[in-house]
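Visitor: Chain by chain, the residues:
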Amino acid sequence: MTLTMFIQHFFNALTLGSLYALIAIGYTMVYGILRLINFAHGDVFMLGAYFIFYTGTIFHLPWIVGVILAIILTSFCGVIVERAAYRPLRDAPRISALISSIGVSFFIENLAIVVFTGIPKPVVRPDWLVKIIQIRGVRILPLAIAVPIMCFVLVAGLLFIVYKTKPGLAMRAISKDIETTRLMGVSVNKIISLTFGLGSALAAAGGIMWALRYPQIQPLMGLIPGLKAFIAAVLGGIGSIQGAVVGGLLLGFIEIMIVAFFPGLSGYKDAFAFILLIVILLIKPTGLMGEKIEEKV
Amino acid sequence: MMASKLRNQILTLLAIAALGVFLWWANTNLDGYKIQILNLIAINAILAVSLNLIYGFTGMFSLGHAGFMCVGAYVSSLLILPQLQKDAIFILEPMARPIYAAHAPFIVAVLLGGLVASLFGLFIALPVLRLGGDYLGIATLGFGEIIRVFANNLVPITNGALGLKGIPAYANLWWNYGFMVFTFYFIWRIVNSNFGNALKAIRDDEVAARAMGINTYKYRVISFTVGAFFAGIGGALLASLLTTIDPKMFLFVMTFQVLMIVVTGGLGSITGSILGSFIIVALLEWLRFVENPMNILGFEIPGVPGMRMVIFSLSLVLIIIFRREGVMGMREFTWDGLFSRFSKRGEA
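Protein chains in written order, with the numbering used here: chain A, -8 to 288; chain B, 221 to 568.
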């Protein structure tokens, strides 16, 4: 493998890893607070991609307005999902909320098939993002540089919210002990809504960038990326935002690099993530950066 | 006490006889579509009961059911496919010789499908069951997906993404309901034995169970393996019923459907799982009417394709929110329960 090819693969891996990271953050935040695997998160990601398609193709809004509108609409959807399907089950056994999230996932997918139709749709991409630039023979899409930078900015913004603001403090408090936090006068429901809103906004950003990178969108596009991102969250240590970023990047690099070095294995690409997951779970069940949970008797 | 035991045995035999008469009647009087629905109810009941053993009775959150079904389906299909048909469908790559030559009668093929699935289950259980809770669910989901990816890529054995076509349709009402009764009886005996008490103890509080001297790891592995065996049998029957299989069928969505049936019927209730299978399969078929054009009060409403699944998934969410313990909860339908209900009414 030549150096130029390696650099191209490196940027591909960085792009894919950043996208996994953005989706993984939504899983990890919800799990950290509610101990719930939000299976509908991948479908929220899909909604983000469709909103950017509709604002651009049907309503002909300027691209940047479309992006902002898509992010707002998607995070609104995320909040509604929590409100309608998870809040009534807050005090129920955890499996109920989990199954509810599977049901919501089915519901969003099937509704999307009815409303958007199952035919894949092409997303319009702004020229400046897809005009290939050449630096010493290395051919790179500007997108492959823009996506990791955007991802970095968004994660930095999120970390600022979580670690430097009052609502962020409340989020961290809820993840430790929801009842005590309520007694401290925190409006728990509002903070949980905020968590879902933030997670869905990042998923929307991920969905938009995914649609730019792979410009064919269809209603089931959230399934596999959602599952992989979830694995990324577990790899990094579920509940930890930094862990989700590390897990996402790790997964992106492994997927791209194994196929790059061993093209014969490309058919098994989807299995790498799961094999890696099982190996990590067996060695360190709480993930790379997860906190150890003591079993109380 | 003895009398009621004898009475229950007689009633059970009568119920099986009644099922037999019903099947005989259905076989001669119902059309193919309705028979297909009855078949699906039986197979889904087998799958649901086996998942219930793993999750409802032992408390192991397993999402790998589709993987075991996949193994069972492929093993049994490859054994019953005639060689002519094998020649016809393996067009990508020639088939591996030993598998080309292998052939077995239907019942042996189904049981072997279950057996190989249970070997996979054992192989997965040994490392993974050291995990607990959500992590176990994620790891089993991962194994299910790995099995599917391998089924997609081991072309000389599985014919890859093209799948297997023209599988002989041996799985009629008699086989499916026969296996359902067998599964029901086997798992009923397990959960109502001392072994089953240990499983329930593990489900309710694993630490306490260990403190009582139960080797929880061993019990969990056995329960998981038995569950995988019946999942393999369910997959084998499904393959012969549908006559075509491909790896995409066994996406993790399949596991979720079985999980939905278990939860609808009631986690920890075997009779509930059978009832849940009936409810879910019947609901799915009944909902087909929404996709046909309708005439309401003189207005012509065009059918919306795909609407059926929207309503189906929405009703599942509503079931979970408003009746989360399912239809039966953890109760079972028993003859004693039936009689005590009647006698109480008589006294009052």
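Rather than coming from a laboratory, the hints here were simulated on the basis of the structure.
Any given hint could turn out to be false.
Said to hold, decoys possible - With a straight-line Cα cutoff of 27 angstroms, these simulated DSS-like cross-link-like pairs (lysine-lysine) come out:
(1) K468(B) x K225(B)
(2) K260(A) x K468(B)
(3) K167(A) x K155(A)
(4) K112(A) x K122(A)
(5) K420(B) x K112(A)
(6) K275(A) x K112(A)
(7) K181(A) x K167(A)
(8) K420(B) x K260(A)
(9) K420(B) x K438(B)
(10) K155(A) x K122(A)
(11) K306(B) x K420(B)
(12) K275(A) x K306(B)
Here the structure is a predicted model, which is why all the values come from computation and not from measurement.
Visitor: Are the hints correct? Go through all of them and say.
Guide: Hints versus structure:
1. Restraint check: the Cα-Cα separation between K468(B) and K225(B) comes to about 47 angstroms, which exceeds 27 angstroms; the hinted pair is violated.
2. Simply put, K260(A) and K468(B) have alpha-carbon atoms about 15 angstroms apart, close enough for the 27 angstroms limit, and the pair holds.
3. Simply put, K167(A) and K155(A) have alpha-carbon atoms about 17 angstroms apart, close enough for the 27 angstroms limit, and the pair holds.
4. Of the supplied pair hints, the one linking K112(A) and K122(A) holds, its CA atoms being roughly 21 angstroms apart against a limit of 27 angstroms.
5. Only pairs whose Cα atoms come within 27 angstroms are accepted, and K420(B) paired with K112(A) is rejected, the gap being roughly 50 angstroms.
6. Distance hint between K275(A) and K112(A) is unfulfilled; the C-alpha atoms sit about 41 angstroms from each other, more than 27 angstroms.
7. As the CA atoms of K181(A) and K167(A) are separated by approximately 17 angstroms, the hinted pair is consistent with the 27 angstroms bound.
8. Distance check on the hinted pair: K420(B) and K260(A) sit about 39 angstroms apart at the alpha-carbon level, beyond 27 angstroms; violated.
9. Taken as a hint, the K420(B) and K438(B) pair is honoured in the structure, with Cα atoms around 14 angstroms apart against an allowance of 27 angstroms.
10. Restraint check for K155(A) and K122(A): not satisfied, since their Cα atoms lie roughly 38 angstroms apart, outside the 27 angstroms limit.
11. Taken as a hint, the K306(B) and K420(B) pair is broken in the structure, with Cα atoms around 45 angstroms apart against an allowance of 27 angstroms.
12. Of the pairs offered as hints, the one joining K275(A) and K306(B) is violated, with about 45 angstroms between alpha carbons and a cut-off of 27 angstroms exceeded.
Checked against the numbered hints given earlier, the structure breaks hints 1, 5, 6, 8, 10, 11 and 12 and satisfies all the rest.
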